[in-house]
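Residue numbers (this note's numbering), protein chains in the order written: chain S, 1 to 273; chain V, 1 to 352; chain E, 1 to 262.
Simulated from the structure, these hints should not be mistaken for lab results. These numbers come from a predicted model, not from an experiment. Certain hints may be false.
If you anchor each label on the Cβ, the simulated ranges turn out as follows [stated by the list, open to error]:
1) V:Val174 <-> S:Val92: 49 to 55 Å
2) S:Arg88 <-> E:Leu103: 28 to 34 Å
3) S:Gly130 <-> E:Phe248: 43 to 49 Å
4) S:Phe187 <-> E:Phe248: 31 to 37 Å
5) S:Arg88 <-> V:Asp165: 31 to 37 Å
6) V:Glu253 <-> E:Phe92: 43 to 49 Å
7) V:Ala12 <-> E:Val106: 50 to 56 Å
8) S:Val92 <-> E:Val106: 26 to 32 Å
9) S:Arg88 <-> E:Phe92: 39 to 45 Å
10) E:Asp157 <-> V:Ala217: 34 to 40 Å
11) V:Ala124 <-> E:Phe248: 41 to 47 Å
12) S:Glu36 <-> E:Leu107: 29 to 35 Å
Glycine residues also receive a C-beta, built at the ideal position from the N, C-alpha and C atoms.
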Amino acid sequence: MKKTYLYWLLLPGLLFLAVFMIIPIVLTIGSTLFKEGSFTFAGYLQFFKDPYFLKILLTTLEVSVASTLLSVLLGFPVAYYISQKAPRRKGVLLALAIFPLLTSPVVRSFSWMVILGRKGLINNALIWLGIVDKPLEILYTPVAMMIGMLHLFLPMMIISLVGVLENIDSDLITAAQSLGASRVKAFRKVVFPLAMPGLIIGGILVFVGSLTAYTTPALLGGKQRVISTFLYQNAMTLNDWFSASVIATIMIAITFVVVGLMNKLSNKLNPKG
Amino acid sequence: MSLLTLDHISVAYDNQLILKDFNLSIEQGQLVSLLGPSGCGKTTTLRLIAGFLVAKDGKFMFGGKDYTRVPVNKRNFGFVFQSYALFPHLSVFENVAFGLRLRKMKEDEVKRRVLRILEVVSLAGFEKRFPRELSGGQRQRVAIARALVIEPDLLLFDEPLSNLDANLRVSMRVEIRRIQQELGITTVYVSHDQEECFSISDRVAIMNQGNIEQLDAPSTIFRYPATEYVARFIGFQNFLHFSERQDTDGEIELTLGSQKFKAIKHQGTSHPDARKGAFRPDDLALTEQENRLTDNVLPGIIKVSTYLGRSYQYAVETEYGEFTVNQEMDTPYLSGQRINLIFPKEKMVLVE
Amino acid sequence: MRNKHIGLGLFSLLVYIFLLGPLLIISATSFEPGTVLKFPPSGFSLQWYQNIFKVELFPQTFKTSIVISLLGNLLALLLGVPAAYALSRFSFRGKDTLNAIFLSPVLIPGIVLGFTMLKYLIVVYHLPIYTGLLIGHTVIMLPFIIRVIGSSLSSFDFAIEEAALSLGAGPLRTFFKVVLPNIRSGIIAAVLIAFLESFNNVDISLFMTGPGISTLPIQMLTYVENYFDPTIAAISMLLMILTAVLMFVIERLMGLSYFTKR
């Protein structure tokens, strides 16, 4: 009795996802392996031989790696700071970090256009200060995309780190210090390893997020393409659905490889096994 | 005829049989406890009776009708949970009224019954409170009232007192017994607390690995355990594994190696397959005198002696294993001392 | 010790300025009286707020966004609540796999989802664009519904459900009278989080536009490509107010701990 009941509860959702998500994705991946009716990797070979595509892939990876590393460098101290606060202040600080996350990415990327543009805040300030006499080209460069991505995903890093850091017993640090560890060493030997799971989850979210984001590179990248805008261009502007499918498959593959590797890493590092 | 019969019931969970070929019958108006350690199948049995689990095989008869496939909500059994399981979003009144409202009862009748049952469980005046505003004992009373108010054909308790502190446990169990007898309602009660079960039950079923080892009145179980498992459960620590048993007129003759033993015929020795002599530590005696010729004696050596306050406890090693004896005395025996261990025939219970 | 904390506090302040500064700047520029976005604004005016309603496509796409998010939410609830319930109520073989499947729409790149949906929902299945848009949004809301409701069911004592059954309530009545009222705040929070997720979505909607059908974020993207006046800043301001209100409600309902535990 219980079992059939269970299936009826799960079935509608599963069917829905199967028909509208899983089948389209599987068939899309399948369609890339056949050209004119025969099995072939030609689509992929063609892509990985194409210097234009390789450059796009490289730009995407560079931007993603840079925003991930920066999110760790900026996010860790902030998360540590938040986790040390009393509940009320912690709540406020957390809310301020979560707010941008819930705000439309269009709004957030647009705000950087205002700041980074030729007549934007930064160029105006630099000219007013006399540091430069001609506006710098910041907008529509990989740097602009990287800043946009960092702004987009840094909150994710912060909140996943707060999630682990607030559960670290402060007595542990005191204990490490009482055993003769310096504060830096106590941090490195106690706090850092315990924060690892949060760091890895945050890392996955930021990296995969940057790798696949569309709005930010579309608004801040200008003619600079990344893999997601390239997919859109192929699908909608060039109407080359075969290439778009190949790119989609490559994106899925990269995502799963990254998530898989990070999970493996986290299992290896997690002291609880 | 019994009110409730479990007939060759099997219950599996995740392909593992928890109950196999299980039988139990309960008389109208009795309070029967299922007692045993966790994992013995007592909660499974209770949940099967309630209808939360469905038997894989076998039949569940209730009041002469087949209840095996009757769903929980059609059984009209009251269930009192270990966690009380009060509805957090409803007041005490609404918690108790929940079952009555499902029975489409008129509002003034609902009110009359709820207020009356709250009086029975000594909670008059608490109607407007919410569960979170009550103490553990009060919550349990609400849970009992909620189960009783629907006038259930059977009342089921799943370790209802285990979340309460020791003093409250004692007074609540008196309360449960009082209410049960006042209303004359047939009740199945599950607990792992021996004292709790023995104090409130008409009959107790001692369960082990999905079987009932013994189902009897508490005093009968206490005096005449039927199996070694039950005997150990209620404090028998010493067992003699006899190889032969011969029933004569007034006595039973038993053989252990070259030793002869005797037991008296009574309720606790009557089962012909029972060949293990069981004794509580208080029932054995030690003596320094050589009386090798008498029956029911084994020579031994004192291994360990522990002071218990009122008496000394000795671990005595013999040819047939180690025995535990409590004895009151002024100057204790010493470790290593040779001694004779007496197994009084009038104290011997024979178990399977 | 104090010294270090001051350093850390200062550093955190700078990071917060990085996070929130742009949002404050864009809010300020929305009051610009001129035609060019400027910070600081050269004066104060609400004309760009009025302009939102003059550009017909903004109110129109706003309406589409709201309708799609609400309908999609309803659909996601109908599919997701039973699934979330089954996944937290019962233990069974293959549960982890099912969990992963239900949460997978967050993991798959949005742009890939959007493209494959266009390819199959619209082209192969021949669904109308509006239906495709609705389905796409339902798919991306489903994981949020399941995760948030699942986390509020994880602290639910299922014995109270059994209590209701034993008192004579059938399974459906038990769910609506006993389970639902006790996870109400979790459900509302799930709805709000899913709503924001759908309302702000670009990746799916991007592929599901057609004659007269577009969502607000897509309309904003298109507008930015052509005009650089403060209208978008004004809309941003309104959207941020909406976000802040919804976030406040979510916090009241179940705290913000949902965001920090994964």
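*Hint by hint, which ones does this structure get wrong, listed from lowest number up?*
Failing hints, ascending: 6 and 7.
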